[in-house]
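Asks: Letter by letter, the chains look like this.
There are 2 protein chains.
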Amino acid sequence: MRPQIVIFGDSITEQSFRSGGWGAALADNYSRKADIVLRGYGGYNTRWALFLLHHLFPLGSAAPPVAATVFFGANDAALSGRTSERQHVPIEEYKENLRKIVHHLKECSPAMLVVLITPPPIDEEGRMAYARSLYGDKAMELPERTNEVTGVYATRCVELAKELGLPSINLWSKMQETEGWQKKFLSDGLHLTPEGNAVVHQEVARVFNEAGLSAPEMPSEVPHHSEIDGKDPQKAFQLQCS
Amino acid sequence: MRPQIVIFGDSITEQSFRSGGWGAALADNYSRKADIVLRGYGGYNTRWALFLLHHLFPLGSAAPPVAATVFFGANDAALSGRTSERQHVPIEEYKENLRKIVHHLKECSPAMLVVLITPPPIDEEGRMAYARSLYGDKAMELPERTNEVTGVYATRCVELAKELGLPSINLWSKMQETEGWQKKFLSDGLHLTPEGNAVVHQEVARVFNEAGLSAPEMPSEVPHHSEIDGKDPQKAFQLQCS
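Protein chains in written order, with the working numbering: chain A, 1 to 242; chain B, 1 to 242.
Quick caveat, the hints were computed from the structure, so don't treat them as lab data. Treat the hints with care, as some may be off.
Same chains, same names: a pair is fine if it fits in one copy or spans any two.
[To be verified] Below, simulated DSSO-like cross-link-like pairs (lysine-lysine); rule was C-alpha separation at most 30 angstroms, straight line:
1. Lys-162 with Lys-95
2. Lys-235 with Lys-106
3. Lys-100 with Lys-235
4. Lys-95 with Lys-33
5. Lys-184 with Lys-95
Keep in mind that this is a model prediction, so the values were computed, not measured.
With the rest of the complex left out, here is chain A (with noise of 0.2 angstroms):
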């Protein structure tokens, strides 16, 4: 059986195999040596994530999946009293709701190293401007997220992987860090360009590598067309898939 790299999240996991998106990438990474899976739920927030986790991850499976990726927040952060209320979901209980499908996964394997994602910041001119495209005049005037709001989530999302010591990858800072970044990551205000799903594809990789379970380390399935000694094919075969 080869391993399995479960990425769990919402629609910013879902459209992580549109072109330039980071679970294709990742795929493309481990393409002979581990299965990318995709768990993406567009518009789910982790109330709703909790109900996913024993038909995802059922307990007693004989070959769970060696790290998954956890990857809610962005609709958790929708502000009450706003157009997007229904995804709303408070902030201790965000964490708490984290912390339970964390617990889910250990269950499920103790060994599985479970990395957090945090949502990424908000361009909130970005996201008003993608309202007015899809319904003009009658489009919210007050914004449905705000970016201050998401990187409260963001900072609950670390605090909770260091309380447990899991790594985490604190996108909404991360990004930040680069000038332009509303524009050059966020399509828009909230999802991600093409360049914005390198800086998640870099830093899964980088926690990966550091986890020990970089690509180029993980045993081959099969062997290299280049070993195998084209008067006796077999012997490569041998070797390996016996």
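Starting from the known structure of chain A, arrange chain B on it as the hints suggest.
Replies: Just chain B, lined up with the frame of chain A:
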């Protein structure tokens, strides 16, 4: 268990999760419906692929793939007596090896949709330019693959699909319908540009749709976020996830 669609082939499959790749595009289409499982092995021909069958597609699996693409021939068609001779597989053996692959997959699961894909056409000038870029004056003077010979392999592949009643994609013919296919679809005379990847994606999606495996028509694993009642989320999950 979520349905699995395996893409099995050589480097053109292995590289299909790079930016703009056809495998990643399929994974995006099926993101909440099925897993696209990458089993691409650069440099492999059908003779070497046979050694992988029991390893990649064990008989007696409780959840065999629902579909598989089989995409070999670009290496089999490397010419005997030229620089890629190691990879050459005689034309009749190529066809018989493909038959063995199909036979194994159908033994895994008689219901599995097996789609045969021919190698793409060869831009001999592009291959030469690529060799010169790598080896300078030491590059081969004679092509290691020709478009004509690869076309014979493509014909045998389609012929076998007809004999076995399987769908097939004649990529060799399809790509040559477009003027300027040499540079438009091929990056080094053999591997695919993003536009070339788009042709494969479009053809595979068409065949899957015709066979009743279209992503929009497959059942959804979990509710869309718009179906979740913010005040009573459990309801939506009880319907679909129990």
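Asks: How do Lys-95 and Lys-33 come out at 30 angstroms by Cα distance, when the copy is not named: within, between, both, or neither?
Replies: between (33 angstroms within a copy, 29 angstroms between copies)
Asks: For Lys-162 vs Lys-95, is the C-alpha pair at or below 30 angstroms within one copy, between two copies, both, or neither?
Replies: Result: close within a single copy only, 12 angstroms intra versus 57 angstroms inter.
Asks: Have a look at Lys-235 and Lys-106 and pick one of within, between, both or neither, based on CA distance no larger than 30 angstroms.
Replies: Answer is between: at 27 angstroms across copies they meet the 30 angstroms cutoff, but 40 angstroms inside does not.
Asks: I want to check one pair: Lys-184 and Lys-95. Are their C-alpha atoms no more than 30 angstroms apart within a copy, between two copies, both, or neither?
Replies: within (29 angstroms within a copy, 49 angstroms between copies)
Asks: At 30 angstroms max between alpha carbons, let me know whether Lys-100 reaches Lys-235 within a copy, between copies, both or neither.
Replies: between (48 angstroms within a copy, 20 angstroms between copies)
Against the hints set out earlier in the document, no violation occurs for any number.
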